[in-house]
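Trainee: Chain by chain, the residues run as shown.
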Amino acid sequence: MTPQVLYVYAIGRSGHAVPERMEVVDGSNHIAAVDVDGLTAFYTAVDAVEFSQPVIDSRSKDVEWLGAIGYRHQSVMAALMQGGTVIPLRAFTLFASETTLRNHLHSERQLFKKILERLDGKQEWTLRIEFDPSRWSEALVRRVDELRRLAGEIDRAAAGKAFLLRKKLDEEKKRASREAEQKVVAEVEEAVARRLACDAVAESRQQRSGAFPQINVLINRDEEARLQELRNELERRYDADGVTLALTGPWPPYSFAGTMNDNA
Amino acid sequence: MPDQSQDLSLLETLDHLLDRGVVIAGEAVISIGDVDLLYLGLNIVLANVDALIRTTERR
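Listed in order, the protein sequences are those of chains A and B.
The numbering of the first sequence is this note's numbering, which starts it at 1 and goes up by one.
The numbering of the second sequence is this note's numbering, which starts it at 1 and goes up by one.
To be clear, the hints were calculated from the coordinates, so they are not data collected in a lab.
All of these numbers come straight from a predicted model, not from anything done at the bench.
Don't take each hint at face value.
Said to hold, decoys possible - Here are the simulated SDA-like pairs of lysine to any residue, each with C-alpha atoms no more than 25 Å apart in a straight line:
#1 K122/A x G210/A
#2 K122/A x T13/B
#3 K168/A x S137/A
#4 K122/A x T100/A
#5 K173/A x P133/A
#6 K183/A x K161/A
#7 K122/A x S9/B
#8 K122/A x L11/B
#9 K122/A x K161/A
#10 K161/A x L10/B
#11 K173/A x G242/A
#12 K174/A x G210/A
#13 K174/A x K122/A
#14 K161/A x S9/B
#15 K113/A x E130/A
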């Protein structure tokens with residue numbers, strides 16, 4: 001038998017039903033549960049080589065493979081969430097053996113129980129803040145005095161000097177864009193906190209390796225309409241700047257799952 | 001041809017599933033203290049999930 005490691009999906013309370021007859025990450029339908037101190041972790045024992053770092057790295061740009069893992073992981077999570085609150089773990093959370101998983105549940109039991117209480121009755125939604133490049137660039141010139149001054153100088157300058165000033169303007173725009181983006185993210189985060197008094201995790205473009213910044217919020221199940229309303233208001237506020245807000249969810253509350261995701 | 005909304009949904013799902021918790025750019029944490037936790041980092045180009053979404057939208 002080839003060595004195996006445990007791919008862990010989520011942690012719930014003891015008694016939480018194990019989903020049956022569904023396709024899981026390795027294409028099988030084997031889900032098992034380990035129960036420790038009132039907690040249950042749900043996992044699939046997978047081939048240690050197939051789920052080793054070198055193999056994952058070599059396949060990490062294979063969207064078909066990754067998509068299949070993502071789809072199956074998400075399906076298992078959805079089934080688990082139908083049975084009650086769980087702490088969702090992100091893809092590729094692997095333990096070496098059932099013993100190490102048991103030990104981890106035991107040593108972190110108090111924290112996991114606190115997180116489960118925090119997640120009870122809640123949903124995660126994501127507000128992604130998108131910037132239209134050309135409209136945002138124009139908006140920056142309106143917003144930032146220095147850029148406006150440079151733009152005016154370019155209009156008045158001779159061709160050679162105008163060329164150099166344009167290069168300077170581009171550099172200044174990049175810097176101003178980063179600052180202005182952070183300001184918009186902070187404003188949106190503040191508006192969400194004021195309106196919904198909920199937990200929120202903001203992720204800047206830098207934290208997201210260049211992708212649009214976003215704010216993940218943990219709200220009560222009945223607050224979805226208020227969040228949607230707020231999103232519409234904010235979008236109207238930033239419309240002239242080429243900023244739009246995409247609201248997606250509900251998601252498994254990965255952003256609020258505690259130590260294993262290291263950001264709660 | 002796959003439905004565009006399905007593509008978009010898949011990318012959004014991957015973005016959440018593989019978010020920064022896992023994407024440690026190739027770093028493999030084989031053990032943390034005494035806990036033999038294998039928390040694998042995918043060296044994946046998630047940097048531009050948004051760009052991919054836009055590409056999907058344009059198709």
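Trainee: Each hint needs a verdict: does it hold in this structure or not?
Mentor: Here is what the structure says about each hint:
no., hint, result
1, K122/A x G210/A, "29 Å, violated"
2, K122/A x T13/B, "19 Å, holds"
3, K168/A x S137/A, "14 Å, holds"
4, K122/A x T100/A, "30 Å, violated"
5, K173/A x P133/A, "11 Å, holds"
6, K183/A x K161/A, "32 Å, violated"
7, K122/A x S9/B, "21 Å, holds"
8, K122/A x L11/B, "23 Å, holds"
9, K122/A x K161/A, "58 Å, violated"
10, K161/A x L10/B, "49 Å, violated"
11, K173/A x G242/A, "15 Å, holds"
12, K174/A x G210/A, "13 Å, holds"
13, K174/A x K122/A, "38 Å, violated"
14, K161/A x S9/B, "48 Å, violated"
15, K113/A x E130/A, "36 Å, violated"
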